[in-house]
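With mature numbering (1 follows the signal peptide of the UniProt record, and there is no 0) applied, the sequence shown corresponds to residues -31 to -1, 1 to 205, in that order.
Listed below are the simulated DSS-like cross-link pairs for lysine-lysine, each with C-alpha atoms no more than 27 Å apart in a straight line:
hint	residue 1	residue 2
1	132	175
2	154	183
3	175	154
4	183	132
Don't read these hints as lab results, they were simulated from the structure. Just so we're clear, the structure is a prediction, and the values are computed from it rather than from any experiment.
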Amino acid sequence: MPFSAARVRYTLVAGSAAVVMGAAFMVAGLAQGSTESPAPTSVDAPLAAAASPGGAGEAEPTPSPSRSPSAKAKKPAPASPSSSRKKKSTTRAQATSGTVVEQVLAHINEARVAEGRRALILDTKLSKAAALHNRVMIGGCGLSHQCSGESGLGDRFSAQGVKWSSAGENIGYGSSGGSDAAMVKAANGLTDAMLAEVPPDDGHRKNLLNSSFKRIGLSVVRDGKGVTWMTQDFVG
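My request is simple: use the sequences and hints to build the entire structure.
Next up, the structure:
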């Protein structure tokens, strides 16, 4: 999939048993070839999903401390000098600068408040789920809500200890420079394109402004090709 293409998808989850509208979850993602906000050119069929296998009821949200990383550490620490002993490989979420997350979250919440919605609280567990999904997409899957061998949306959240009764996801990518400011510009450009959607192709906008969503997980990561990937995960 060329990076110049603009694509849209969106996901929504609710209820207590898997409810299907076209597939398993209502999933949304957006890709754009620059930090500008091009109009999306295609939309997947909306999918609906279900309630937390572990039962409804929200986990106590983890607010993002001001001026500090929430779901992610600042930038990955440099690797320590190699030793003769090989370490076991583990699945790690790629880190997002706390400054980037704070600014992207502030941009989303500004839009919500302007529409009479409550601000979302950043959840560290949900942000880890978002980061792991970003990692899989960057690793070769491309823009998708469920990559090969990956669990569905609700299962991914539950695996990180997130309790939810409704859930959604927006994904996207855009070219950017390597500075935090450039990554924020790319991520906010994607968010603005989502907010500019109009019915009936407004799944991303609905996720961003959904009044039932209380918490958000965010991951914004720039890959080795200069492309910034963003995953926004929502739960109520």
